[in-house]
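Trainee: Chains as they are written, first to last, in the working numbering: chain A, 327 to 427; chain F, -13 to 153.
These are calculated hints, taken from the structure and not from any lab test.
One or more hints might be untrue.
[What the hints assert, rightly or not] Computed footprint of chain F on chain A, listed as stretches where at least three residues anywhere in the stretch have a Cβ under 8 Å from a Cβ of chain F: (1) 336 to 343; (2) 357 to 364; (3) 367 to 376; (4) 393 to 405.
[Claimed, not checked] Here are some chain F residues pointing at chain A (derived, C-beta under 7 Å): (5) MET20; (6) LEU41; (7) VAL46; (8) ALA50; (9) GLY82; (10) PRO109; (11) LEU121; (12) VAL142.
Where a beta carbon is used, it is the ideal one built from N, C-alpha and C, also for glycine.
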Amino acid sequence: MTVGLEHYLVVSALLFALGLLGVIVRRNLLVIYMSLELMLNAANLALVAFSRFNDQLNGQVLVFFIITVAAAEVSVGLALIVALYRKRQTTHVEDLTTMKL
Amino acid sequence: MSDALFYLFAFLTLVCGFLVIANPFSRNPVTSAMFLVLTIVWLAGLFVLLHAFFLAAVQVLVYAGAVMVLFLFVIMLLNLKEEERRRIKTFGLVTGLAAVGATTAIFIRALIQAHPGQSAAVPTVAGETQPLGKLLFTQYVLPFEIISLLLLVAMVGVILLSKKDLK
């Protein structure tokens, strides 16, 4: 059985599921951030696979933009985490319950 | 040959991705970051199999290089020693697994119903630097410029956020 679009999409879906599981289960802000990166990468893989099997390059250009936005997002998010750590001395989500009723 | 490489890379991607979120031997964020680097490298291998050569190079340079160095730098900066001994709650694990399982089931079911990839023609597109750059500077030149503005805004925001006396 030759490898087609659906194989890549299954890998992408599983990788997305792993990232989502990490966001839900883990309690460390940095690891949650890494799981977000996993989900972004899963979307990238799906886009590149669609681009390849539909015979056009538009998907790859979109992936290019996604990588750029992800880099900007990571820099801002990590700066926020550092600022938070400076104020609270923790990166554990269960210690950050100021907005809880 | 290409098929065997696909299965190899896909397997390694998923195993390393699993070790990012749940490593049975270590709860240290540095280990997670290292496995995330490995996941990204194997994904770059999948990109090469999809003939997206330029994106594979960018993936390794930007993600495995720049972004992960940023991650490791922040982990070292915060010195997260005492985080390791926290336990994962069973309730969160069960509900999380249920939600993720349902989402994945929806994905796979939609995929089975859609029957993609039935076209007989062998794809010929190749993501080399020249066609990608041509597309980026003609059809997508406006988003390209907006992205540069976004990077500038992110840079200024980060400098403001990391100032000592945050007002």
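Trainee: Please go over all the hints and tell whether each is borne out by the structure.
Mentor: Evaluation of the provided hints:
1. 336 to 343: The restraint on the stretch 336 to 343 of chain A holds, since 7 of its residues have a Cβ under 8 Å from chain F and three suffice.
2. 357 to 364: With 6 residues close enough to chain F, the hint holds.
3. 367 to 376: Satisfied; 5 residues make the cut.
4. 393 to 405: holds (count 12)
5. MET20: 11 Å, violated
6. LEU41: At about 6 Å, which falls below the 7 Å cut-off, the nearest Cβ of chain A leaves the hint on LEU41(F) intact, so it holds.
7. VAL46: Result: violated, 11 Å to nearest chain A Cβ.
8. ALA50: For ALA50(F), the interface hint is violated, since the closest Cβ of chain A sits about 11 Å away, which is over 7 Å.
9. GLY82: Hint on GLY82(F): holds, closest Cβ of chain A at ~4 Å, below 7 Å.
10. PRO109: 5 Å, holds
11. LEU121: Constraint on LEU121(F) satisfied, holds at 5 Å.
12. VAL142: 10 Å, violated
Of the numbered hints given earlier, the model fails hints 5, 7, 8 and 12; all others are met.
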